[in-house]
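Chains as they are written, first to last, in UniProt numbering: chain A, 1 to 500; chain B, 1 to 317; chain C, 1 to 511; chain D, 1 to 101; chain E, 1 to 102.
Since the hints were derived computationally from the structure, they do not count as laboratory data. Here a beta-carbon is modelled for each residue, glycine too, at the ideal position from N, C-alpha and C. Treat each hint with caution, since some may be false.
[What the hints assert, rightly or not] These stretches of chain B come out as covered by chain C in the derived footprint (C-beta under 8 Å, 3 or more residues): (1) 117 to 126; (2) 153 to 166; (3) 200 to 211.
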Amino acid sequence: METNSLLLILILISSLIPGILILLLDEAQAFQRNFLNLFGAVAKVALVGWVFVGYMQGETYAFIYGLAPDLTFALKADKMGLLFAALSSVLWLVTTLYAIGYLKGGKHQRRFFAFFSLCVTSSTGIALSGNVVTFFVFYEFLTLSTYPLVVHRGDDKAVEAGRTYLWYTIGGGTVLFLGVVALFVLAGPIYFGQTEIIASLVSENTLQLTLIFFLMLSGLAVKAAIFPLHGWLPISMVAPAPVSALLHAVAVVKAGAFGIARLVYDVYGIPTSEELNLLTPLAIFAGFTIIYGSVKAFYQDDFKKLLAYSTVSQLSYIALGVAITGVLSATGAVVHLVHQGIMKITMFFAAGNVAETYGFYRISQLNGIGRKMPLTMGAFTIAAFGMIGLPPIAGFVSKWYLGLGAVEAGSYWVVLVLLASSALNAAYFLPIVYRAWFCEPDQKEVLPKYRGPFEAKALLLIPVVLTGLFSLAAGLFAGSNYSPLAIAREIAEKLYPNLP
Amino acid sequence: MDILIDSLLAILTIYLAFRCMLAPKLSKAVFVFFAFGLMLALAWIRLGAVDVAIAEAAIASGFMGVLMLDSLRDFSLIFSKNQERLEETASKIPIKKDSYHWTTALALGLGLILFLLISIQAIWEVPQGGGLTAIAEANLPMSGVEHPVTAVLLNYRAYDTWLEIGVILMGLLAIFAAGGLKQYRKPGLAPAQDPLLRKTILIFTPVLFLFGAFLLYFGKMGPGGAFQAAVLWGAIGILLHLGGWTVFTVIPRRMRQILVTIGLGFFMILGFTQMATGGAFFEYPPAYAGFLILVVETLAAISIAAALTAIFAFLTK
Amino acid sequence: MKEFPTSALPALLVGLPMLLATMSLFFRVKGRALLGVLGSFLVGSLAFFAFIEVAKYGTIIHILGGWEPPLGILLRIDPLAAVFIGLTAIIGIFISLYSWWYFRARIASIGRFPLFWPLWFFLWAGLNGLFLSNDLFNLYVTIEVITICAVALAVLSGEAKALKAGLRYLLAAIIGSMAYLFGVALIYGSTGTLDLNLLGEVLKPGNTKTFALIVITLGLLIKKAAFPFHFWLPPAHSAALAPVSALLSALVVKGAFYMMLRLWTEVFEVSLTFAAGQLIGITGAAAVLWGSWQALLQTNFKLLVAHSSVAQMGYLLMMFPLLIMAPGQDADSAEWLAPAWTAGIFQVMAHAFAKASLFLSAGIVVMALGHDRIESLRDLVAWMPMTAMAIGIAGVSLIGLPPSGGFLAKWMLLKGVFLSGQWWWAPAILAGSLLTAGYVFMLLRLAFAPARVKDPFRPVPKILQVCALLLALGSFLIVIPAENLIQFLEGSKSFGSGIESIMKGGGYGNE
Amino acid sequence: MMIKEIFIVILLVAGCFFFLAGTLGLLRFPDLFSRLHALTNADNLGLGFIAAGIALYIASPWATVKIFFIWILTLLSSATSSYLIARFQREQEKSKNGEEE
Amino acid sequence: MKIGTYEIYSLTSAILFAIGLGGVFLAKHFLRKIIATIIMGAGVFLCFVSFAKRDALTFADPIPHALVITGIVVAVTAAAFALSLARRIHKLTGEDTFGNEK
């Protein structure tokens, strides 16, 4: 096998093998487990970095294995996939650190970390998959590997949440399956990027193609939590903080959003999608979800639930960006994929820290928490400002591009949606920030569960600070050549070769 | 004249089959079943299938009938007046009872009649296939026996027969399995019986043995053969069992095992030997075919007889 | 048939298990188990060897007794048979290993069953005989061998419940084989031959053949527990001992399916119409929906798994409508035949692995709990992670989620359905998947839920759990060599062939 | 030849008559013992006549011996079985009477 | 239409099969169900042998005869097994029908 194909396999294996090995370990072998985990995570980051650099220098990376006649397992690196893979692997490393700290002394760590690894394997698999079938395989694998994480707590509430999660995702998976098979039958094995195949079929199979698009879209929309298929997301907040972080920032929801981007950009292609009028409904649903999510978030008192609804809202920015044609909005969509991930993970880490250290789960308990945990809340504040869209933080960049894109495409209602959503974001994030920094603590002094040199466990603190810095850096250095923005821009320009 | 006899026999057979199903008392149904078997045996003879007639009379009607009869006692359906009445109401096909709604019964009946009509039409139209008589006859000299049915059973389609001997052994094991395991080691002791019965049985034993041996040997050139002989020999065992001689407790365990498996085992070993010497499975060297077939038949008959005895002894416990 | 190489292999494949079964009668309980395990490896390696030979030389035949058909009987291994024999061998080995430990565990409710080993090897001989057979009547004998052994194994526990289920099973099976034999009689009467190959050449359409086809198909449908005739399966499979349930649902029901596949594609091509295929498909779809729905309602683990067998066997039947061309379609240019066949074969394999694993897991659960009420599976994940995982993995394969064998089967089935234009099967396939997901995750949900009692599970030997887990993994691993396997299968005559529903010779009336 | 055929016919008719009588007795007689009586007596005799007729008809010494054996064995078995039935019935009645008293 | 031995018995065979089939489904008592399966079998075997009679040359076709002997033995073995199951069930539970349970 060539080195280049081997590299892709290695990226997957770097988390798959630790996952399997961890399952075989004993519950008590914490050191070995952590070592395997971290080793896999670091290796994955390194490998993705290697491939990324190689790809930028013009190498090609592909791996194909025939499962059955015309049913192939294909991995292929392209820019969008690599961007997502990089996001997953970096955030996995961070989250692993966090999870080790968070779960220390907890039960069933073996199971947790094993499935955690499998989850990231599928997430990178989704990023690197080269055709629709492979994408679908990893997409479903992701569902399965996240289920044990969602129900990790094992109490009745968690189990119920797991059930809801499964009904949504398996149902979505089934619909997606139908779409994928139908597409396969109509157009043969489609590799990502071969938009000309569909384009050549449009004239004769308009109805079928429209139907297939919406089948696949509704399958993907479940994970992307687009209204009305978002119901599982707030409920599965019962999972431990690292899981929520990973679930909401990287793995599951992003898989859906990434899938939608793939579907529109690399399977149907923008010209075809426009010709079939597929994007307007998507834009409308996405726009509605943005407002809906924000409004719902406004009424939440549970910290994590609030973040969950915020995620529902923020994710649809990506779908919206995909649905609006134009280089700028495409840039906005792709870059928001990364930026939202970094910011949201920061917020979840922060929420987890607060909960873990002081046992606070509600926003009303957060008075004056900023003074007790300045680093945590500092990172949170950065992320919150980013979400609202204040410069120079990452969120501003993506919103700016989305807005510009909307103006460019002439969809002024989208600008309204963005403005309204920003206002709502501010309305529910700013009170938290205000409470944290400016309100007096409650009368009853709550003692932290943790005592030590820092405000929280070091392993919990480092990740949140890191990601907070990332979100700041992504905005500050957006102009540099290797920033997510620059890469997103390249991707978008490639999608619209005819535009300036 | 032929038609008259045949039609009479056919009508009688069908009537008896109906009685088997519809007789109000189950015990009566079992007795009718005996008669049915005998009629059927006559029908086989009318069709020129003497081998089948013997097999039918001996195995399907005789052996099975005896088992049925014995089961009647098990189900306490004979020898007790109360049970008889109880059973009368409970076990016949309840055409007018509430347990079937009449529409269901009607639908089932209509479906059955429809099926019957279709099958009659299908059978009526069976084209002349020609059968394999000619080929069987042409190859008869090479088969080692003179009777075509034996040739088919032990040579042309020896594989089927081998499996069939296996099936009997499996049936025995299956019956053991159904009976729960604890009884597996100790075959039952029959109660001491009437002296006259014992005397009669003793008289019959050599006769049966002789006749069985005759059938076995005669199978080479005419109707008869391993299965028919086996049932006669099995009958010896059954009779002895009924007479209070517990055949199976006398014979040591190892011996019992050997008796039951030797037919299948020898047949199989023979097949393997044939393969080892370059032939096919069950390909007899033509010179010894007749002798080997006789040996196989004898051992098979012994095994089957032992199995039948064991089945009976085990079931009547 | 002379063009094929002959070899002793086919005869050995039947003879060896038979020999082992007979031999095992002479051993005491412990020796019997040892012989059983060693013997299963022996038969397994023979099957493996046969597989290799078939891959090398193609179809291998063995003319029994040196008498060529139509007078004699012919055994032949073509790739299709080789795959089934190989499948039987792999699952057989695992189940043998499992049974060894299962019967060694001296738990009062399990005990040791000396009759298991001989009966199991007789069953194995019957299965191999069935897969190898090329003769209508011989098929009857082998299927009777299978029936008797299967029922005997099913009632091994000697409980009234099992006995009753076993009697029901036996009666259903006898009706099935009698119906089958009735069809065989008609066919023999009208053609004078029993050999499948010769029959395929000489059979002409006509009322008789159509009727024979109907009774044979009905008989086989009863034997494989197709929808309206499935009544016997759930009680029989759920009341048996764990390894036996695994054997019954993984292998035994496949025998009747294999026969039906062979007979439809090799013998009865002339009598089949498009409507016949649709009818079979409808029973399949009904079985999928009904079986899955019933499984969802069960409160006992084994009953749930047994009902799921009814549903999964339904998927197999849905392959038949695709094999029969609608009027005007040409079998040579039909591109959905290969997917349909692949779907069938992979469904057989994936179901065999997954179902065997599920029943073995059920056995472990019963061993640990003393009963199999689903409600008691709580906290299984923490106590027996391997078993929980086996249940999960096997369940995922049943649902048909990627990358399992079940996924490949359902993918191919859906593909065939769309390619052939018979899209109306798709909803049933997907609804079946969803319902399957429903009951599989019902199990998993409980497995993750907290236990209500302290120390709910008794310890169970690890090796049992490993067996179940490996079988479950098997249902995923079969996907890896899929392409090679399909290439291998293409060497058999019937694989990928379709049936043109033109009534050759004018439709009605004989000749 | 004529005489032999007449003999054969007479024997067969006589045999059939006894069978008929035995069957009638079986159907019409009131209790078990008299039924048995009718059946065994008449049937054995009827069978004897028919056997003799057939033996005469075939007119081969070996066949005659075989037919004779058939008759003897039937006699033996029917006698034994009717004896057993009768004995069983008597024991049943005895035990029933015993219970009633 | 010629009516001969073959025709009469082949028709009988169909009727016997139908009686047996109906009996297995409709009869309630185990014993009667088992008898019904044997009657079904008798129908099938009669069908086989009547063909042998029809296709007879110098002697009747021996193949069906052999098949039927095999068939009878197999069928009787199965029936005996069924009988043993039925008796065992009766012994354990006192039931002699499947009852109304599903």
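Checklist entry - Taking a Cβ-Cβ distance under 8 Å as contact, does the region 117 to 126 of chain B have three or more residues in contact with chain C? => result With 7 residues close enough to chain C, the hint holds.
Checklist entry - Count the residues of the region 153 to 166 of chain B with a beta-carbon closer than 8 Å to any beta-carbon of chain C: does the count reach three? => result Three-residue rule met by the region 153 to 166 of chain B, so holds; n is 9.
Item to check | Assertion that chain C covers the region 200 to 211 of chain B - criterion: three or more residues, beta-carbon distance below 8 Å | outcome: This one is violated; 0 residues, fewer than the three required, reach chain C with a Cβ under 8 Å.
When held up to the earlier numbered hints, the structure conflicts with hint 3 and nothing else.
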